[in-house]
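A.B. asks: Line by line, the protein sequences are chains A and B. Position 23, counted from 1, in the first sequence is what the working numbering calls 23; the numbers after and before it change by one each time, with no gaps. Position 137, counted from 1, in the second sequence is what the working numbering calls 137; the numbers after and before it change by one each time, with no gaps.
Hints were generated in silico from the structure; no laboratory data involved. The beta-carbon is built from N, C-alpha and C at its ideal position, and this holds for glycine as well.
Residues of chain B clear of chain A, computed beta-carbon distances all greater than 10 angstroms:
#1 42
#2 47
#3 48
#4 52
#5 53
#6 54
#7 56
#8 59
#9 60
#10 63
#11 65
#12 66
#13 72
#14 76
#15 109
#16 137
Below are the DMTMM-like pairs computed for lysine to aspartate or glutamate, each with C-alpha atoms no more than 25 angstroms apart in a straight line:
#17 B:6 to B:24
#18 B:6 to A:4
#19 B:6 to A:17
#20 B:6 to A:20
#21 B:6 to B:18
Letter by letter, the chains look like this.
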Amino acid sequence: MASELRLTTLANNAGTESVDTTYVINGSAKLWTSFANTSGTPSALQSLNQSSITDSGSGHYGINTTNAFTNNEYSAQCTSSAEQSYGGVAVVDLGNMTSSQLRFYTCENNASAVNDFDRNNAQAHGDLA
Amino acid sequence: MASILKVDELRGIVSAGDITVTSEGGSATMQLQQGVAKAWFNANCNVATYVNRDSFNISSITESSNGDFRETYTNSMNNTDYSVATSYDLHNISGAYNSSLQAEEFLTASADYRAWYGTGGASRDVDIACGQIMGDLA
Numbered sequence: 001m002a003s004e005l006r007l008t009t010l011a012n013n014a015g016t017e018s019v020d021t022t023y024v025i026n027g028s029a030k031l032w033t034s035f036a037n038t039s040g041t042p043s044a045l046q047s048l049n050q051s052s053i054t055d056s057g058s059g060h061y062g063i064n065t066t067n068a069f070t071n072n073e074y075s076a077q078c079t080s081s082a083e084q085s086y087g088g089v090a091v092v093d094l095g096n097m098t099s100s101q102l103r104f105y106t107c108e109n110n111a112s113a114v115n116d117f118d119r120n121n122a123q124a125h126g127d128l129a
Numbered sequence: 001m002a003s004i005l006k007v008d009e010l011r012g013i014v015s016a017g018d019i020t021v022t023s024e025g026g027s028a029t030m031q032l033q034q035g036v037a038k039a040w041f042n043a044n045c046n047v048a049t050y051v052n053r054d055s056f057n058i059s060s061i062t063e064s065s066n067g068d069f070r071e072t073y074t075n076s077m078n079n080t081d082y083s084v085a086t087s088y089d090l091h092n093i094s095g096a097y098n099s100s101l102q103a104e105e106f107l108t109a110s111a112d113y114r115a116w117y118g119t120g121g122a123s124r125d126v127d128i129a130c131g132q133i134m135g136d137l138a
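Bound conformation, chain B alone (with noise of 0.2 angstroms):
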């Protein structure tokens, strides 16, 4: 029988911050906190003015230069020791080769991020540029 649980809010009883899973395979737990991502994004970065197409605990993103652009939490993150998984995509673009998207610097209330491209060490706007961010929220 289907059951749903309708909650605003979801927090552990021993302690709030720790609600534990069991793993699919039955023979381990794990947090679940610690396993949703805190934040994530998906920005056009090939356009005037840098946008975030869609994204989770992103109050703004802001371009620094081609390629090189800071994404600002929403809620800020507990330390700057958090974990970033990135991607981009040049879409085609002629002459270049795609290289990755470089978490930069890691601050508690936004990461700065570079796209970097071919092997002239430069960086340029790219049509796509996603991440996930886990960590500890402040």
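For reference, chain A alone in the conformation it holds in the complex (with noise of 0.2 angstroms):
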């Protein structure tokens, strides 16, 4: 049977660390994703509230949420790994983002080309509606 709990803290039982539930609440990631793109098509590892991911074209992406946000204000990080003799720069595509769509985009870092890396990594704090 299904239960609720309605409180304002969270502490151990000797009450030596303690947390308001609105860090617990707000303070939770509200989407994640892990996924790998060695072929040119993005292939799903594992994710919380992503329900489908967009190839927008080369080192472009989009991840759509199962439980949108209540607005595109949210805070969202992203990294990738090349797996090459250079580095590259995963960027949060700010002005693109959607309550339902975190986008970002990946570029080398020897020559800022935007490419498709290997593995790439999202995630998003905020409030979902």
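Put the complex together from the two separate chains, hints included.
C.D. replies: Right under this line is the structure:
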């Protein structure tokens, strides 16, 4: 049987550590994903609240949510691994983010060219609708 | 009225690893465990022996070469498909360009990171390296 607890603070039994439940709820990631792209097509590995991945061209991705955020002002972070002889940068595409899609792109460190990377990660914190 | 729940362990009733929380807007629910970071670190990688300033579920940091290091988990991840978000700061080191801290090797017991910089395809020591790990614990 499902049950619901409404409380303001969580603490350990000794009372030496506690956290206001607002930090638990607001501090939890609402979206995260890990996916590979070694063949030109994103391949989902593991995720939370991800319904699908949109391949918007080489190195450009849209992470579609199962449950949308209340707006497009959530906090997003992303990283990618090229596993090449150079590093890379993953950039949150803030201008094109929506409440239901986190967008980012990956570019090479040595040439600034937008390109597919082998392994890609993104996480987001904010309010779900 | 404020309420405090004092416990050392939270478990779901139907499934021990599944506790549902309601979204801020009230129209969605999500699994509490899935949204909680399983490990994080803030490391000083610009000293003779790399050290974590602060961390959670990290047992050790080991340097392999300049800007190349391993963070080992106290409790291992369930698989190698977890998600990592990172950042680093060169702290205005002259002649260097900030790039990215890449998670390059995902293992259940650890992950390897490399701090790339500039345009020459090299890695180097960095003042601050941070990472957050989301996924399933074993």
